[in-house]
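Novice: If you want the building blocks of each chain, they are given just below.
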Amino acid sequence: MSQVNSGDTAWVLIATTLVLMMTPALAFFYGGMVRKKNVLSTLNLSFIVIAVVSIEWVLYGYTIAFGPSIGGLFGGPAYIGFNGVGNVPNPTYAATIPHIVFAAYQMMFAVITPALITGAFVERVRFKTFLVFIILWSTFVYGPVAHWVWGEGGLFHSLGVLDFAGGTVVHVTAGFSALTFAYVIGERKGYPSSSMEPSNIPFTVLGAGLLWAGWFGFNGGSALAANGYAANAIVTSNTAAAASGLVWMFLSWRDNKPSVLGIVTGAVVGLVAVTPASGFVTPMAAIVIGGVAAVISYYAIKLRQRMKLDESLDVWACHGMGGLWGALATGLFASKAVNPSGADGLFYGNPGQFLVQAITVIVVIVFAMSVTFVITKVLKRIMGLRVDTNSEEVGLDISEHGERAYS
Amino acid sequence: MTKKIEAIIREEKLNDVKDALRAIGIVGMNVCEVRGHGRQGGIVLAGRTGSYQVDMLPRLQLNIVLSDKNVDRTVDAICNATRSGKPGDGIIFVYPVDEVIRIRTNERGHEALMYEGDIDTVSET
Numbered sequence: 002m003s004q005v006n007s008g009d010t011a012w013v014l015i016a017t018t019l020v021l022m023m024t025p026a027l028a029f030f031y032g033g034m035v036r037k038k039n040v041l042s043t044l045n046l047s048f049i050v051i052a053v054v055s056i057e058w059v060l061y062g063y064t065i066a067f068g069p070s071i072g073g074l075f076g077g078p079a080y081i082g083f084n085g086v087g088n089v090p091n092p093t094y095a096a097t098i099p100h101i102v103f104a105a106y107q108m109m110f111a112v113i114t115p116a117l118i119t120g121a122f123v124e125r126v127r128f129k130t131f132l133v134f135i136i137l138w139s140t141f142v143y144g145p146v147a148h149w150v151w152g153e154g155g156l157f158h159s160l161g162v163l164d165f166a167g168g169t170v171v172h173v174t175a176g177f178s179a180l181t182f183a184y185v186i187g188e189r190k191g192y193p194s195s196s197m198e199p200s201n202i203p204f205t206v207l208g209a210g211l212l213w214a215g216w217f218g219f220n221g222g223s224a225l226a227a228n229g230y231a232a233n234a235i236v237t238s239n240t241a242a243a244a245s246g247l248v249w250m251f252l253s254w255r256d257n258k259p260s261v262l263g264i265v266t267g268a269v270v271g272l273v274a275v276t277p278a279s280g281f282v283t284p285m286a287a288i289v290i291g292g293v294a295a296v297i298s299y300y301a302i303k304l305r306q307r308m309k310l311d312e313s314l315d316v317w318a319c320h321g322m323g324g325l326w327g328a329l330a331t332g333l334f335a336s337k338a339v340n341p342s343g344a345d346g347l348f349y350g351n352p353g354q355f356l357v358q359a360i361t362v363i364v365v366i367v368f369a370m371s372v373t374f375v376i377t378k379v380l381k382r383i384m385g386l387r388v389d390t391n392s393e394e395v396g397l398d399i400s401e402h403g404e405r406a407y408s
Numbered sequence: 021m022t023k024k025i026e027a028i029i030r031e032e033k034l035n036d037v038k039d040a041l042r043a044i045g046i047v048g049m050n051v052c053e054v055r056g057h058g059r060q061g062g063i064v065l066a067g068r069t070g071s072y073q074v075d076m077l078p079r080l081q082l083n084i085v086l087s088d089k090n091v092d093r094t095v096d097a098i099c100n101a102t103r104s105g106k107p108g109d110g111i112i113f114v115y116p117v118d119e120v121i122r123i124r125t126n127e128r129g130h131e132a133l134m135y136e137g138d139i140d141t142v143s144e145t
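The listed protein sequences derive, respectively, from chains P and C. Here the first sequence stands for residues 2 to 408, numbered as in our numbering. Here the second sequence stands for residues 21 to 145, numbered as in our numbering.
Calculated directly from the structure, the hints in this document are not laboratory data. Be careful, since some hints might not be right.
[Said to hold, decoys possible] Under the rule of at most 27 Å between Cα atoms (straight-line distance), these lysine-lysine pairs were calculated in the DSS-like manner: (1) P/Lys258 x P/Lys303; (2) P/Lys258 x C/Lys33; (3) C/Lys89 x P/Lys258; (4) P/Lys129 x P/Lys37; (5) C/Lys33 x C/Lys89.
Required output: the full structure, derived from the provided sequences and hints.
Specialist: Given below as structure tokens:
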């Protein structure tokens, strides 16, 4: 019988709260980057996900991800309605905290992941369709992938893939699904000829700052205990964010001026990239992971712009490519000296780990893009993905919500 | 005859312009915030990666109503105070004004424009 440890429980409860805070933080991060006629709409796209996915997770989302494995593909129905998820620890995942603490902590990850995707289709998405999309996406993409990577008996979990806090489960799935959604929904009216000027960059800076702080819960909490591995995850996260913010600053400085929007984006990208690695690598490795992530995402944005694809807030470049690099970097820099429950990476003489990371992330990318493509195509056909042209011109705050952000 | 001067100027030059106008006895004016562009079509700002074009730039529009004999002096004062020599310095329009009514006193025409120590008093002394 596992013993509940109050220190571990307290830390994971606090981390749960920190990760919850990240979704409204993301709302402001995105909200600042859209035009002022769509600020409320954009804030709400993230905010409403908290409500929708919280219910989905209690009803059946948790059991899809963490129920007893069915063929390694998804979890069985044991925990439907949080049945049997209570005070007694589930030693498979976290032996020293109540099962319900683990399930609640995971809920916040399930919440923020679809919220990340919203950056792809802001300023034009039909709200009604979006609500259905979140439910379908959480059910058919997030749940299974979380099971493959984190679930006991999951496809890639059995292969020994390392994803400390969700580089693949959260950021790769969100980023590549965002790319797919943007492709299917099409560009905003006027893109790219008219300037889509950010309405409130201070919102974005505020959101990025709160994301940075919340990420200590996201990565630090993933140790599922109040111990040195949690501390290592927090230190590597902070280090990668710092390195990436600095590198991004220099890149934008070289091209024009040290953009504030660029610096805060860089910090977020560093946090994305270090997410899968944070519990397994040294702070020195985190500098490299963060620094390289900034270069990859910076040029991914430029590539996306050259392709004239209106993936509006660059979820793919920041989360997809940042997460992809992070997943691979985990296979390079992971070290058993840092965390014996992990594995050694390529640089520590174990090329097999890099291979497992690569296979996992490639399969997840193909899966996430395929399922998202099918979901969006079907929704486009039966509900319509975007508002009509006039509503788009007026702005979604008025046309979809009957409110305006500023008077 | 009464004229209206409508001057589109750089935001950061407002204090210089006000000082120059006060020096020649212009005591009444109002200012609106406007956005627009001239023939350069805007400027480039730093974005996430490099830069992006912004076409509607913030400027201030000064509105001054005065007797037409004072127009040239006032226009010169504005131009000298706000000119940087770079694109984007702005533009001035001058219109005829049919009537002026001061709400408090119901004075009309030239009377309604008169203030103690204003440009007419200054120019007469």
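Novice: The structure should be examined with respect to each hint, and the outcome stated for every one.
Specialist: Structure-based check of each hint:
Using a Cα cut-off of 27 Å, the hinted pair lysine 258 of chain P and lysine 303 of chain P holds, with the two alpha carbons roughly 16 Å apart. For the hint linking lysine 258 of chain P to lysine 33 of chain C, the alpha-carbon distance of about 24 Å falls within 27 Å, and the restraint holds. Between the alpha carbons of lysine 89 of chain C and lysine 258 of chain P the distance comes to roughly 48 Å, so the proposed pair goes past 27 Å and is violated. Proposed proximity of lysine 129 of chain P and lysine 37 of chain P is supported: the alpha carbons are some 21 Å apart, at most 27 Å.
Proposed proximity of lysine 33 of chain C and lysine 89 of chain C is supported: the alpha carbons are some 25 Å apart, at most 27 Å.
Hint 3 alone, counting from the list given before, is not met by this structure.
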